[in-house]
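First residue of the sequence shown? That's 23 in our numbering, and the numbers climb one at a time after it.
Check each hint, because a few of them may be wrong.
[Said to hold, decoys possible] Here are the simulated BS3-like pairs of lysine-lysine, each with C-alpha atoms no more than 27 Å apart in a straight line:
hint	residue 1	residue 2
1	Lys312	Lys333
2	Lys99	Lys114
3	Lys351	Lys70
None of these hints come from the bench; they were simulated from the model. Only a predicted model underlies this, so the values are computations on that prediction, with no experimental measurement involved.
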Amino acid sequence: MNEWIQQYWTFYHAGVFIFLVAGLALIFRFLILRKKKKQPGETKLSFKHWNERFNKDFEQLELEMRKFPHLPKEAVKLLKKAYKKEQKKEKKEDSLKENESVKKIREELAKGTSTEDVLKHHSNRVYVLNFSGNIMASQVEQLRDEISFMLQVAQPTDEVVIRLTSPGGAVPNYGLASSQIARLRQHDLKCTVCVDLIAASGGYMMAAVADKIVAAPFAIIGSIGVVAGLPNFHRVLKKHEVDYYLFTAGKYKRTVTPLGEVTEEGQEKMQQDLEAIHHSFKKLIVDHRKEIDIEEVATGEFWLAEEAKEKGLVDEILTSDDYLFDKMKDFEIIEITTEDSRNRIEKLLQGGIELFKSFGKRTSLEDSEIPGLIR
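Please model the entire structure based on the sequences and the hints provided.
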């Protein structure tokens, strides 16, 4: 019996030892791979050239159609001849354009214009950015980096198109997002915002700063207003004889809170704060869209794009796809996106941390009079 126990424990210890060695080896390997990779949370920009992508698709489609023609052979021959003529005509037109550009550049260089200035006059690119907004406008950091990059590479003859989707959210967050778009105009870069789904409240605050707003027919536009709300448990606490103490310095440090008694004076101050934010919201829109009757549209209502256009909130009814495909005739279309180098586990953990932080922020704001949402 003792011999059996001794053999069992020897086997057990050997198993534990092997398990520990394997575990340490895996951890060591993970640490080595981690060092080789970029630092956690580091992002990089990626680029998609629309013209090249679709040209390749068209060429592939043409090859497939030639393999399996659904028309009579004579018809296919006629179409091939017509296609060759069209190709020659297009090449001739492109050649004339190129010669004209070369002539202009030669003249500018002869006048002593620097190569940098020449490039500024002849760049013809459209840069596409994407912004999908939630209540905290969490993509604002990504937008900030992308626009900072734009300011370094884009030329005055280029255009920046932002495909925007947002129902609005926190005042400071969307104020910052709006300011990022304003940076483009401050550097004399043309900015167009395309709205396919919704740009309401804080989303419209962002769109209004652009030079032009293009919206799909059924996109939701507007909701120029401010909202704040919170439950109050003061009477519940009083009923159960629970005292709540709040110590402040400053007359209006706290006005309306979830646990304290809400006074008439506190309600009035809260309303004043909302009106002040609404006034600033309206001023921002009037500053950038001077033709708007602001009192007519700043009611908190929203409209479909067609009606919004009649009210001056939108400039053109068109989907972002149609707008960009039309631009592709004369411009290079380059879509810029931000890629995250973190793996799935790191993203999941970071998402949990951000959720916890967000909850903490909201909890800390619940006791304050700060209006939380532009809606």
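Status of each hint after checking the structure:
| no. | hint | result |
| --- | --- | --- |
| 1 | Lys312 with Lys333 | holds, 12 Å |
| 2 | Lys99 with Lys114 | holds, 23 Å |
| 3 | Lys351 with Lys70 | holds, 17 Å |
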